[in-house]
Amino acid sequence: RKEVEQDPGPFNVPEGATVAFNCTYSNSASQSFFWYRQDCRKEPKLLMSVYSSGNEDGRFTAQLNRASQYISLLIRDSKLSDSATYLCVVTLNTGGFKTIFGAGTRLFVKA
Amino acid sequence: DVKVTQSSRYLVKRTGEKVFLECVQDMDHENMFWYRQDPGLGLRLIYFSYDVKMKEKGDIPEGYSVSREKKERFSLILESASTNQTSMYLCASRGGINTGELFFGEGSRLTVL
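Those protein sequences? They're chains A and B, same order as listed.
Plus 17 on top of the position in the first sequence (first one is 1) and you've got my numbering.
Plus 245 on top of the position in the second sequence (first one is 1) and you've got my numbering.
Be aware that a few hints might be false.
Unchecked claim - Calculated Cβ distances over 12 Å to all of chain A for the following chain B residues: (1) VAL269; (2) MET272; (3) PHE278; (4) GLY287; (5) LEU290; (6) GLU314; (7) GLU317; (8) ILE322; (9) GLU324; (10) LEU335; (11) CYS336; (12) LEU347; (13) THR356.
What the hints assert, rightly or not - With a cut-off of at most 25 Å between alpha-carbon atoms, the simulated DMTMM-like pairs for lysine to aspartate or glutamate come out as follows: (14) B:LYS300 <-> B:ASP273; (15) A:LYS59 <-> B:ASP273; (16) A:LYS19 <-> A:GLU32; (17) A:LYS62 <-> B:GLU262; (18) A:LYS62 <-> B:GLU324; (19) B:LYS248 <-> A:GLU32; (20) B:LYS298 <-> B:GLU317; (21) A:LYS127 <-> A:GLU32.
These are computed hints drawn from the structure, not numbers from a lab.
Bear in mind that the values here come from a model prediction, so they are computed numbers and not experimental data.
The beta-carbon is built from N, C-alpha and C at its ideal position, and this holds for glycine as well.
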């Protein structure tokens, strides 16, 4: 079983739609959680950190459920520029703070 | 801004050749990482380092080694390249907060013939 699992998609949505991505992690030593965004042929970049209380950044909302070992990302009012791959990322608090990436969920937003 | 620089964007090597991939960061970060990225598999951790001369195996270290002689530089070495090491290689660094953001280089696309 992969340590971080995501639905690979692709998700094809129209502009203005709300889309939700889910992610599960298996290691209970997971300490920090993030969503990264990766555009085609580019390097990943941090989109937002994920906190237990939930956090919002404009149209983006991230949630963490430690009991279920589940992370989510909600994008409201999708824009064409949101088209990218979204990577769920977990850092462990053991072994030198190893950081593990999910395989990513591809999003296409259509006009 | 943090700058992570990978020495080569594109390389083509032959099976059995020794390959060096260099990565330099300019923000005095303690942690550095090497990942490879393949379609459908995402980023997989090869090796990481949390201090000079320190290294830890990631999930797929076989066929690779690393060197961290200076804080700013983390090198990935393929002692004898094989075709299954054809991939995109991404270097990343992270600052003193061990659980903080990773900053990536632009990647090195390696093709082994």
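Quiz prompt | Distance restraint between LYS298 of chain B and GLU317 of chain B, which requires alpha-carbon spacing of 25 Å or less | solution = holds (12 Å)
Exercise. Please settle this one: GLU314 of chain B was flagged as non-interface, so is its CB more than 12 Å from every CB on chain A?
Key: Holds: least Cβ distance 18 Å, greater than 12 Å.
Practice problem: Mind checking the alpha carbons of LYS248 of chain B and GLU32 of chain A for me, to see if they're no more than 25 Å apart? | Solution: Violated - the C-alpha atoms of GLU32 of chain A and LYS248 of chain B are around 34 Å apart, more than 25 Å.
Self-check item: MET272 of chain B and chain A, when compared Cβ to Cβ, separated by more than 12 Å
Solution: For MET272 of chain B, whose nearest Cβ neighbour in chain A is about 14 Å away, the distance exceeds 12 Å, so it holds.
Quiz prompt | Proposed proximity, ASP273 of chain B with LYS59 of chain A (alpha carbon, max 25 Å) | solution = holds (24 Å)
Practice problem: Please work out if LYS62 of chain A and GLU324 of chain B have their alpha carbons no farther apart than 25 Å. | Solution: violated (30 Å)
Self-check item: Beyond 12 Å from each Cβ of chain A, as asserted for GLU317 of chain B
Solution: holds (18 Å)
Quiz prompt | Interface-negative label, THR356 of chain B against chain A, beta-carbon threshold 12 Å | solution = holds (15 Å)
Self-check item: Least C-beta distance between PHE278 of chain B and chain A, which was stated to exceed 12 Å
Solution: violated (7 Å)
Quiz item: Per the stated criterion, does the least C-beta distance between CYS336 of chain B and chain A lie above 12 Å, as a non-interface residue requires?
Solution: violated (9 Å)
Quiz item: GLU324 of chain B: least C-beta distance to chain A exceeds 12 Å?
Solution: The claim stands: GLU324 of chain B keeps its Cβ more than 12 Å from every Cβ of chain A (closest is about 23 Å).
Self-check item: No chain A beta carbon within 12 Å of GLY287 of chain B's
Solution: Check fails; 3 Å does not lie beyond 12 Å.
In terms of the numbered hints stated before, the structure departs from hints 3, 4, 5, 10, 11, 12, 16, 17, 18 and 19, listed from lowest to highest.
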